[in-house]
Structures are given as structure tokens and as C-alpha cells.
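S.K.: Between the sequences and the hints, there should be enough to build the whole structure, so can you do that?
Chains as they are written, first to last, in the numbering used here: chain Y, 128 to 531; chain X, 128 to 531; chain S, 128 to 531; chain Z, 128 to 531.
Don't take every hint at face value.
Remember, identical chains collapse to one label, so a pair may be satisfied in a single copy or spanning two.
To be verified - With a straight-line cut-off of 20 Å between C-alpha atoms, the simulated DMTMM-like cross-links for lysine to aspartate or glutamate are:
hint	residue 1	residue 2
1	Lys413	Asp274
2	Lys362	Glu380
3	Lys524	Asp274
4	Lys524	Asp318
5	Lys459	Asp334
6	Lys462	Glu131
7	Lys137	Glu526
8	Lys324	Glu526
9	Lys414	Glu380
10	Lys529	Glu402
11	Lys529	Glu424
12	Lys414	Asp274
13	Lys258	Asp375
14	Lys462	Glu256
15	Lys420	Asp248
Quick caveat, the hints were computed from the structure, so don't treat them as lab data.
Protein chains: 4
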Amino acid sequence: MDFEFSPKVKALQAKLAAFMETHVHPSENRYWEEAEENRAQGNAWVPTRIVEELKPKARAEGLWNLWRPKDHGGTLTNLEYAPLCEIMGRVTWAPEVFNCSAPDTGNMEVLLRYGTPEQQDRWLAPLLEGKIRSAFLMTEPGVASSDATNVQCRIERRGVEYVINGHKWWSSGAGDPRCRIYIVMGKTDPDNANRHKQQSMVLVPADAPGVKIMRALRVFGFDDAPHGHMEIALKDVRVPAANMLLGDGRGFEIAQGRLGPGRIHHCMRVIGQAERALELMCKRLKKRVAFGKPVAEHGVWHERIAESRIRIEQARLLTLKAAHMMDTVGNKVAKAEIAMIKVLAPTMAQQVIDWAIQAHGGGGVCQEFPLAWMYSWNRCLRLADGPDEVHRAQIAKIELGKYL
Amino acid sequence: MDFEFSPKVKALQAKLAAFMETHVHPSENRYWEEAEENRAQGNAWVPTRIVEELKPKARAEGLWNLWRPKDHGGTLTNLEYAPLCEIMGRVTWAPEVFNCSAPDTGNMEVLLRYGTPEQQDRWLAPLLEGKIRSAFLMTEPGVASSDATNVQCRIERRGVEYVINGHKWWSSGAGDPRCRIYIVMGKTDPDNANRHKQQSMVLVPADAPGVKIMRALRVFGFDDAPHGHMEIALKDVRVPAANMLLGDGRGFEIAQGRLGPGRIHHCMRVIGQAERALELMCKRLKKRVAFGKPVAEHGVWHERIAESRIRIEQARLLTLKAAHMMDTVGNKVAKAEIAMIKVLAPTMAQQVIDWAIQAHGGGGVCQEFPLAWMYSWNRCLRLADGPDEVHRAQIAKIELGKYL
Amino acid sequence: MDFEFSPKVKALQAKLAAFMETHVHPSENRYWEEAEENRAQGNAWVPTRIVEELKPKARAEGLWNLWRPKDHGGTLTNLEYAPLCEIMGRVTWAPEVFNCSAPDTGNMEVLLRYGTPEQQDRWLAPLLEGKIRSAFLMTEPGVASSDATNVQCRIERRGVEYVINGHKWWSSGAGDPRCRIYIVMGKTDPDNANRHKQQSMVLVPADAPGVKIMRALRVFGFDDAPHGHMEIALKDVRVPAANMLLGDGRGFEIAQGRLGPGRIHHCMRVIGQAERALELMCKRLKKRVAFGKPVAEHGVWHERIAESRIRIEQARLLTLKAAHMMDTVGNKVAKAEIAMIKVLAPTMAQQVIDWAIQAHGGGGVCQEFPLAWMYSWNRCLRLADGPDEVHRAQIAKIELGKYL
Amino acid sequence: MDFEFSPKVKALQAKLAAFMETHVHPSENRYWEEAEENRAQGNAWVPTRIVEELKPKARAEGLWNLWRPKDHGGTLTNLEYAPLCEIMGRVTWAPEVFNCSAPDTGNMEVLLRYGTPEQQDRWLAPLLEGKIRSAFLMTEPGVASSDATNVQCRIERRGVEYVINGHKWWSSGAGDPRCRIYIVMGKTDPDNANRHKQQSMVLVPADAPGVKIMRALRVFGFDDAPHGHMEIALKDVRVPAANMLLGDGRGFEIAQGRLGPGRIHHCMRVIGQAERALELMCKRLKKRVAFGKPVAEHGVWHERIAESRIRIEQARLLTLKAAHMMDTVGNKVAKAEIAMIKVLAPTMAQQVIDWAIQAHGGGGVCQEFPLAWMYSWNRCLRLADGPDEVHRAQIAKIELGKYL
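M.R.: Right under this line is the structure:
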């Protein structure tokens, strides 16, 4: 047992932190200003120049596609990549600079692991280059999507094609004009007795006839442009049979494989957010004076700072342990730990950020600081990829299963 | 001791509820759609037609200026008006229909209680008619505004005028083009040994030279157009000496008098929101099915529904008691109770709404339901008019003061 | 709606508080010292002299059997009696001084409402005189007793007698040598299709052959002598058929009727405990100095004091409202409110007491202050008469039932 | 970074667990029964036979003095010993079987590190043999002992002796007749400008004239016999000057050095308790049936089981990390982490145990299960060695110190 990062990881942490310090943090507001400007000019759905400017710089420094699994052409284990996610996570838009942003990483991983050479040539290659973006169409507005058997979207084989009909939402990233490809979850065999063999995943080009973006969902008022969370109707959308991923009825299997690493990435990023929030909180409290002394000397804040530090430390360790287990025993054995971090990291971050908001007064809830956005994002994460309740039920099932 | 509302109140509750049922609830989304349409057309700061259409109807039914204090031309005590606030609070934009919306009610009350006949003629009369709107400029971005001695805005007497220099934000309602008048808090006598005699309040027309709206603050990501929370610079703004309210150095006194009723209104409205959230939660849970049964039958939700009901009931009773004390012993004696409800009602509502959001999945955090807005609003209320910590400290001081 | 107590109630509050001040508080420790002395001498199960001395004094002042329902010979409504419970509750052993202690009040109420004249002559009369005590044998160690259909105890008719076999525990008060009569819940008709008609309640003299006290249960280490919470075996215990209460199969009905008032009494008493704890906390914090200032000036305590005050105020109001509803619409209509206070009052009190314990350091967890006992008692109340979960489920069922 | 225990540790875990399984768990109740029997016979302060029987067995297996630091004759680092504490902690009285129980381990460590050869011969040797026991007299009833400058106990040099006057309580273990030696904290130089040079620690034999055990404190209602937490008066107690530890004015320094390892031991033991509580909870929930299904299938419990598992995992990792830091960078650098685990482990365990209590109904709060004792013990730990608030303030100070 050893709690030190390896020299390799420490070197990468230092390099990435330096890049963030030099290039990202000083430009943090430029992203929002560009988005605001675009919004004011009537079209918020335009990629920002700042991200595009920084991408070649990151790539030149070797800080590119860091997420890529070691067994599929990458150089880092989950345990090695995880602490880098934390650093990137400190600025909401930073991961894309390194081509490490969700949902692209998850989608690329699906294509890496399960894609045919043709699928990889057509879609994976440009994704790895950061030339296009992608979306994952799973959640549906009409049903409790946490139960995969509820999926209503139909993927029907008609000769050499599949015909897709469905209604999806929370298709994150689909607002970006560069988003060219969707991975769509639907049912090919709704009557299959095995409830986990009913679903399939198929590749659908964003410009396929019948695809219609209905509206951009707002996360607590944020449109998250130019990324965006879209509601999308799929009406008689036809794609070649070769667009099926892995094979009919294997959608649930892909979903399971896709989720593990993504959860670690998400969790480490929100731990980065929590660290950032704690830092902002401390700085603010030292700067503001009320009732005769710096607010940092008001005792109630000591409780919150200490609790923040305690919770962040714990969450990081358990997330790293889950990453370690992914690397050593695989995500099936690690499923309890992965479920645990999925529940705890956003909940923890939400609390730390909430305290930081309180420390910032009115500044905390508006665009003056990144806190309100971070808060709303963590609130969403408690629903995305299954609500907390479903994960807690799974953990409980594993725990109860230890006893007769 | 009696926990029944009087027949007079019951009749008003029924009448108001019927109006809401007939006119407001069916049009709830129209408000948001109009705002969205205006926003898309490049100017979100346009009053909605729906509110303007409903105002004469409400007035015709006698549901107008219900907030008006009994000792200043009104017909309802605080205890009688409070339950009406709860009903109006169920739809965020409803109070304006009845000319009962913040911050206008608080500003009108200030003019009623402390305004000169000239000030009343010029500003109160059109406000009571619902023809113009108003804003309250107190909070400043540069200091901890919860400590009134921190106020930086200067109001300097120069002959027959006051010259005002300051920087304010969270000036709610100042985004509305009909907002014509600001009540501005600043220091006339910053060196006065009595720290509560340094501040004054002065009337500043929105179109006075030197007034500049810097930007609209977003609550989480909501712009709250066409109402808006504005950041406003005041640079060498000149107003006639007759615009001073009550007299130099009496700003703190006015602020104290203004806050009591406003807190009861806010609290009752958020109790209305909590009731609405609980209702939405129950309905949703009954409708959605997961893992073989309606989500309403998953035990974890019984805990949350029950806790929601328990907390709402308690918060309502204490708020009504505070209203009763305002009526019977006055807001100085009731200051502990007023501080208590200021802390508890938004905190309670935030929790109930959070559970409701969780019950709604992705729908809960976006514009599909009013929940995300309600949540963000309650989060703000924990900062507005002083953060929770300041009120809790006041309550503690009163409590500790009971013992030697 | 009116939040003031009536003059009648205020007069009784004053009288009772004066009695407590004069007679009970100064002797508070005597009770524990006597119990300790008896314990040291090898028999803790001896009634204390202090209670016996005070009983005639209380009776002489008319402070006797205050719980007695107005419709059964008493003078106070639930709403009038409730605030008196709060005052008595401040000292754990005080209620018995006024013949107002559980479980006797509940048992007397059962005999008043459902007893035959013979049953009343034999058992109710001496209970009303405070000459004997009683116990209620419902909970069983082998099953989840919150589900009444789980009851294992059998009450079988054999000619002119009932034969009782069962195993009970948490028979509070059965440690007292004056405890002469048990009300025993068991099944007379275990196969009755109506699951609420299977149970009956029968009177069993404590000295009936076959009754065996197995052991005294300790509440977090407290034996609660001389009151005691006993585990009791009933083996072939025979009682005359005339000892049946109300009739075969009516045990559930009696239980339902018995619980309402008892819950209000319990809740008001624990509100009294919470008030006491808050008072002790404030006094302690003002007295102790750490790190250069009174602990009362450490900000973290302001949060806790304020939260304590807020929660106590709310809990009291809702409990009083439940009492009011019991008086005006009856305990069936008030069942949601009664369930609510059953959950909230002990939970609230536990938290306030826990903070008070923390304020007292090592003194808080030992016999130096009444806090540890109060804490453990409230912890038990969250299980007694059904665990919180069962009550919350009932509240949720009522709430969900409001919607289709 | 590696989350696996070393083979050495795994082997020790297995050996210790096997010993617990074979010898301790089957006799768990015997300890309590012996104590109860002794109590009933009028003297609870008699060492149990079960512990004495098991000690030679443990020693024979090499499971003896496992706590002994590697740099002082032991074989295990903090990181290696910590997981063994967890196993021993599952049964409250188990650590003594291995001569690993508090406060003896801490006292032995003080003697190992700071004792003179004479002090070690006289007191350390028999302690290491498990022949005598010891107590640590620091906390005082009259002051807030968390602030070391509050210590009232005086240690005055008079020629070749020190004369000690003071009043101590929470002297754990001093109830045991084998407890022969006290380490007493007091002030030798109360006027020293350096507030951390005022205190000294001196060895006081339990039978020194002037030592008087006033009473046994009850933890909630538990007397914890035969261990005991005593209140002790020291009146003109004289000890040779050679009994001073390390030198005059170095008491604070010793206290600091003593606390680090002890905190890790305490924390790991309570993590063991939390694991035990979770195990008991799961087993109970599977066994009991209510409202038509095993309670384990009631959803509310899934939330609690999952939260328990999440919190235990996190707490263990952070505690192990603190142990690792103690080993690698020392307890000064690790002081934040040590403060963190001191706060989090008992708080976490208290919550898990509380849920387990709730799952056990009336059984949970009485002597039927070890839960009530565990709960009360964790409650005490939140006060022992400084209340949570003091540790949180220290963590906050370190955190705030990172920023200008």
C-alpha cells in the first residue's frame, strides 16, 4: 500500500498544471465572453476561438488524448490518468483543449473497443484528431431511463438498413456544429426474454434525414453553449446495417463497458471543481471583512473549510482506489466501488461548492464566479448515468449479498 | 390558541386559488415562452403580455395590492395576507398579476410609511396602479453588504441636491423597462460615531444622468428577464434634496422597518413553492415506473415525501406565528421569529425542491418544470437580505442574552 | 388563527412552573442519588422517597391527573394539557409527581374508555390515586413489532378463562414493585382474514402465575430504575374471561385509540427536554473559556443555538396543532399530523441535545448532567410505538393518496 | 500508488482474524456476563477471567504488543499496524487480549520514547507484560480542557519531590484494580510566557497518598466496568523528582507526540466497529419481515446500507493515508490528516451505528447487541482528545494558511 503518485504521474501532473497555469486559467473568462458575444449576436452555437487556439498547443506538448486506454494505443492506466482529470476539471471547458472531454472520450472508447475498422476510419479517426465531436443518445423524456428496459426508441432492421424512431434528450454536445456522429441506444428486440439483450447501439450521423434537434435544454438556466444538451427527435432515420455497434442486442453490454472509465473521469473532474471551490472560498473569506474582522475568522467557516477538506481527501482516495481496481481486477469486480464514487463525488462537490457560494454572497450565484455553473453541473451528475438511488440500490444489493 | 384561518381569510384563499386555477396555472408556460421569444429576437427586456392581460382581471376581482398594510389604507393584517402569498407563490410570475411582487411591495411600503406627499404623488401613485416598477439598490459587489457599515456608496449634499456615487448589484427588477424609480442606500455621514446613523436612502429616477446599467446578473444561468437583477453604476448622479427619504442618517431605520413584512411575504411564497414541488414530486413518482413498479412505491421516496410534508407544515406555522407577532407586538419584539423564518423557509424549500428535482430526473434540472428555477431562487434567498449566518448569529445573540 | 395560549392555560402553566421551580428542580439530583444508593445496596427497584413526598403536594395544589380527558372526567383539552407536558418534561421523573407519567396515563385512558365498571373499580381507581402502577406489554423480541400482524403472543379462550403465552419486552414501568397490572396485546384469532381483528388486549395482574420478569433492559446502559424496561415471559398465564378489554379481536382498535394522546404527551415532554438542553447549552457556553474568549463567542455555536431555537419553535407549533386537531376533528382525521410529530419531535430533540452534549464536553456524556439520559431516551422514542420509517411511510401514503 | 496491503500485512490480518474468530467472538458475551455478575455481587471492578484466559493464547501466537513502534523495538509501521486495529476493534474488549488497548498503548509509548531507564524498568516493563495497567490524567471537570492553557492541576517542585494538586476526570482504565500508574498532566510553570511550556507530565503511582478516586463516570449509562472512567482528586500528592517525564515544561510536547499514533488506533478501531455494525444491520434486515417482505427489501435501507459502505471505505482510506504519512513524513507534516481522521472516523461510525440501531429496533438500544455501547463510545470520542470543533479549527487554519 502506497499513497504516493509515481514519478511518471507526478511529472505529468506538473506539466499539465503548468499548461493550465500558463494557457487556460488566464483565459478562463474569454470562453464565457466569447459564448456571451455569440449569444448576443443571435447564435450561441459556435465553437470558441480560445479552445481552438489552445488545442494545437496542448497537442504540441503531448497533452492530447490522455484518456486513451493503455490496451488501445494509449500510455496511461486509469490510475495514472485519473489525477490528470482532476487538474483539467478545475476549469469547465479545459478538458476539450486536451481532447479529453465528455462525451467524446466515452464515445471514442466505444469505437476503439467495439468499432469495426470502417467505423473507426470514418468516425474515430477525426474524433481522435479533435476535428469532429460526438453525442450519446440514451436518455428519453418519456420514461425512467435509469431502468434500461424502459427504453422506447426502436431500431428496426429493414433489409440492409436500420430504421430508427425515438425521442431522446440530454444529448450533451449535440449543440456543437462540429458534432457529426451520434451513438444511439434503442431496442432491436423488445420482446427478448433477456431484458439486457433487447437493446442495441447504432451509429447515426447527425445530418441523417429524420434527425431533428428540438431544443436546447437549460441546466438551471445555463444553455452550456456551444456544447449544449439537446432534445432530439429521430423519425424514420435510416442508416446502413454496418452502422450497428458490436451486433444486435449488445447495447447493454456496451453501455456497461463504457460507463466505468467515464465515471472515474467525471468524478476526478468534480473533485478538481471541489478543490477549486475550496480555494475560492478560502481566498474570499480572507479578503472580505464583516462585523469587525475578516470573515475567515468567523468560526462557522472553520467548520465548513475543515469539512470540505476532509470530504475532498476521502473522495479522491476512493476514486483513485476505484481506478486502481479498474486497472487490476477490472470493472466487473470494481462495480461496487465505481457505483460508490458515482454517488459520492458529485454529492461531495455539491456541498463544498454550496459552501463556497455562501462565502461569495451574491457573487456566488451569478456569472461572476464559476461556482453556480459548477453547482448546477454537479446537481446534474447526480442524475446522469443513473440517479443516486439506483447506484445506492446496487451497492446495497452487493452488500446484502454477502450474507445468507 | 387556534389553528384555523378566519372565515374572511378562507374566503380570500378560495377566491385567489380560483383565480390562479382559472387564469394563471393554464398560462404558466406562456410567460416563459414569451420571454424566450423576446430573448430569441434579441431583447429579453420586454414585459410579458400575459401578465398585462391578467392584471386588470385581478384588479376587477379585488385581488389587487393585497399586501397594503391595514394601518396604511389596506384591509389585511400580516396574518391575513400571509396565506395569500403562499398561493401566489406557487407560480413564480403570479404575484405581479396582483401588484404584489417584490421588490415593489417593499418599496411601496417605504413610500407609504416614510414618503412625503410629493414623493408619494410622483412615485407611489403609479406604483399602486401597477404602471411603473421600482428597484432597491442596496447590495454592493465590493464589500460584505450584510454588514451595513460596509456600504461604500456615497450620497453627498451639494446645495439643493444630493450627489450619488456608488456601485450596486442585485438590483432586482431593474431590468424591466417600466422600472422608473430606485431607492438607493448610501452613506451621507460615513464618520458618524453611531454606525447606524451613517446611512441614508434616497430616491433616484432610473433615467437620471449618471445611472448606468452595467449588466444583467444571471441567477445560476437564469437571466430572469424581463424582471432582471442588474449591476448598476451611479456616477455623479444628482437628485433634488427633496428626494431624501425620511431624512439624512435614517437609512438603517428604514431598512429595518422595510424588512419585516417582506420576509414574511418571501417566506410564504417559498412555502407555496415547496407545496408545489411536493405536489409535482408525488404526481411524477406515481406516473413513472422503474424496476417493475411505480417509483412512488420505492421506499426511499416515502422518507422524502414524509420529511417534505413535515417540514412544510412546521415552516408554515412558524411563519404565520411571526406574522401574528408582527400584527400584535410589532416587528421589534418579533425580530427573533422574523430572523428564524428568514433562515428556515428557503432552506426548507430548497430541500423539498431538491428532492422533487431528483424525482424528475433530467426534467427536474431543465426548463421542462419550474423546479430548477425555484431551486435557484431559494438558493439566492439564503443570501438576499443578509446571509443565513448573519440571521443565525442574531438569533443566537437573543438566545444567549436570556442568561447572565 | 391565534398563537396565544388562553388565560386558563397561562394560569396553569404558571402554577405548574412554580411547582417545578419550588419542589422539583431543587430536588432533581435527589432522585438519581436515591436510585444510585438503592442500586449500591443491591436493589435498585425501590420507589424513590422524593417522588412519594412530592405527590401529595402536587395533588394538594390541584396538579393531579391533568392528562384526564375532558370527556372522561377531566378538565383539560389536549391543546390545554399539551403545554403542561412540556413543563413536566423538563425533569425526567417529574411527570409521576403529578400522576401524569407514561405508560400509566395511556393505560388509565384505555381503562377509562374501554374498561368495564369492574375493571375500572379494580385497576383504574388505584391508578388514578397513584397507589399502583401499570405496564403495557406489546413489543416482542422475536419479530418486527411495528407490523401488528407479527404479534406472536397467543391469548386463547379456555372456558371461563383466557390462557396467555408470549414473550414481551420493553415493558416500561414493570420494574417498579408497585406495578400491579399489565395490559397485554396478543392474538385471539390469528387466522382472521381481517389482519386488524386478530389481536386482543387483556388485563393480566403482575402477580399472576406464569408471569416471569426475565431481565431489565438497559437503555444505552441506563437501567432506568426504579421504573425499568422489562423483558417478561408469559407462560400459560390464566386470567378470568372478564379481563378481556372491549372484546375479542378489538386490540388493534384500542391500540389506535390509545396512541394519539400519548404521542402528544411524549412529544411535548421531549420539547421540554430540548428547551432544557438549549438552556443548559447557552449557560455552559457562556461560562467556559477557550482560546481567549467565552465559548459562547465561538461562531460555530451561534449556528447551533439558532438552529436549536428554530427547530424547537417549529416542533412545538406542529405538536400543538396536532393537539388542536385531536380536540376538534378527532384522531382519525389528525392521523397524518400525529405521525408527523411522532417522527419530528424526538429527532429534533436528539439533535438539540446532541449539540448540548458537545457543549458540555465530557460532562455531557456522563451523569453530571441530564443530557446523556435525555439523548438516550429520545433515541428510544424513535423506535417506541413504531420506528420512524413506519410513520414516514404512513405520512407518504396519505400524501400520495391526494393524487390519482 | 497502490491500494493493496503487503503480503506481510495480509498474513497478519488473516492470523488475527482467525484468532478473533476462534477465541474472541464466541466469548464476546462472556465478558459482559462476567461484568454483570460482578456488578450484581457488589463489586464491578474485577478484571474478567475471559480476557486473562485469552492473553497467554494471543501472546503464544505472537499477537502481543503489536502496537510497538518499529523504531522502539516493534516490527510494524503505523500503516502495517492500522489494519490490525480495525480487526481488534470489532469487539470492544478485544484489544486488551493483545495488550493493545488504550490508554495503555499510549502510555507505554510515552514511556518508550521519553522514559528514563528507571521509569521504564519500574513501569514500562510490567505494562509490556500486561501485568499492570495505567491511566492518563489530563482532562479536568472545571475547565475547557481542549485548550491546554486552561489546565488547573499544579505540579510544584519542593526539594527532591513534586507536590501535585488537581482534580481530573475521564481517567479511563483507572477503575481497574490492576491500574498502578498514572501519567498526570499539570502546570509546573503557569506563568511561562510560552503557553506551551507551562505544562509538564509526571508519573504518579495509583496508590500514592493523596490520590482519591471520587466516582466512576458513566458513559451514557454504561459504567464500562471493570475498565472505568474515573474522577480523581489529587491532594498534596508527593512523588520523587525522578518521576518527571522528559523534564519540566515539556508536557505539551509529550502530549503532541503521544496523540498521533493513538488517533490512528482509535480511528481504525471505530472503523472496525462500523464494519461490524453494517454487518449486523444487513443480517438483521434480511431476517426480519414487516409488511409482507423482508425489511432488507424496504428501499429506505438500501440508501443507508450504501451510504454506510461508502463512508466506511472513505474513512478507512484516509486513515490509512494518515498512517502512511506518519511513517514517511512524520506526525508534524501529517497533522492535518491526523486531525481529519480524528473528526471523521467517530462521526462516520456514529452514523452507521445509529442506522444499525434503527434496524434492530428495541434490541439496538439495549444490551442485546453491542450497538448501543459502540454508539456511546463513538459519541465520547468526538470529545476525547479535543472536541471536533478544535480539530476542525486546526484543519481550517492549515487550509487558510495556504493563501495570502
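S.K.: Could you run down the list of hints and mark each one as holding or not?
M.R.: These are the hints, each one checked on the structure:
no., hint, in the structure
1, Lys413 <-> Asp274, "between (47 Å within a copy, 16 Å between copies)"
2, Lys362 <-> Glu380, "neither (25 Å within a copy, 59 Å between copies)"
3, Lys524 <-> Asp274, "within (16 Å within a copy, 24 Å between copies)"
4, Lys524 <-> Asp318, "neither (27 Å within a copy, 34 Å between copies)"
5, Lys459 <-> Asp334, "neither (36 Å within a copy, 61 Å between copies)"
6, Lys462 <-> Glu131, "between (24 Å within a copy, 17 Å between copies)"
7, Lys137 <-> Glu526, "neither (35 Å within a copy, 22 Å between copies)"
8, Lys324 <-> Glu526, "neither (26 Å within a copy, 38 Å between copies)"
9, Lys414 <-> Glu380, "neither (52 Å within a copy, 28 Å between copies)"
10, Lys529 <-> Glu402, "between (35 Å within a copy, 13 Å between copies)"
11, Lys529 <-> Glu424, "between (48 Å within a copy, 15 Å between copies)"
12, Lys414 <-> Asp274, "between (48 Å within a copy, 15 Å between copies)"
13, Lys258 <-> Asp375, "neither (29 Å within a copy, 64 Å between copies)"
14, Lys462 <-> Glu256, "neither (31 Å within a copy, 46 Å between copies)"
15, Lys420 <-> Asp248, "neither (63 Å within a copy, 44 Å between copies)"
The structure fails hints 2, 4, 5, 7, 8, 9, 13, 14, 15 (numbered hints given earlier, in ascending order).
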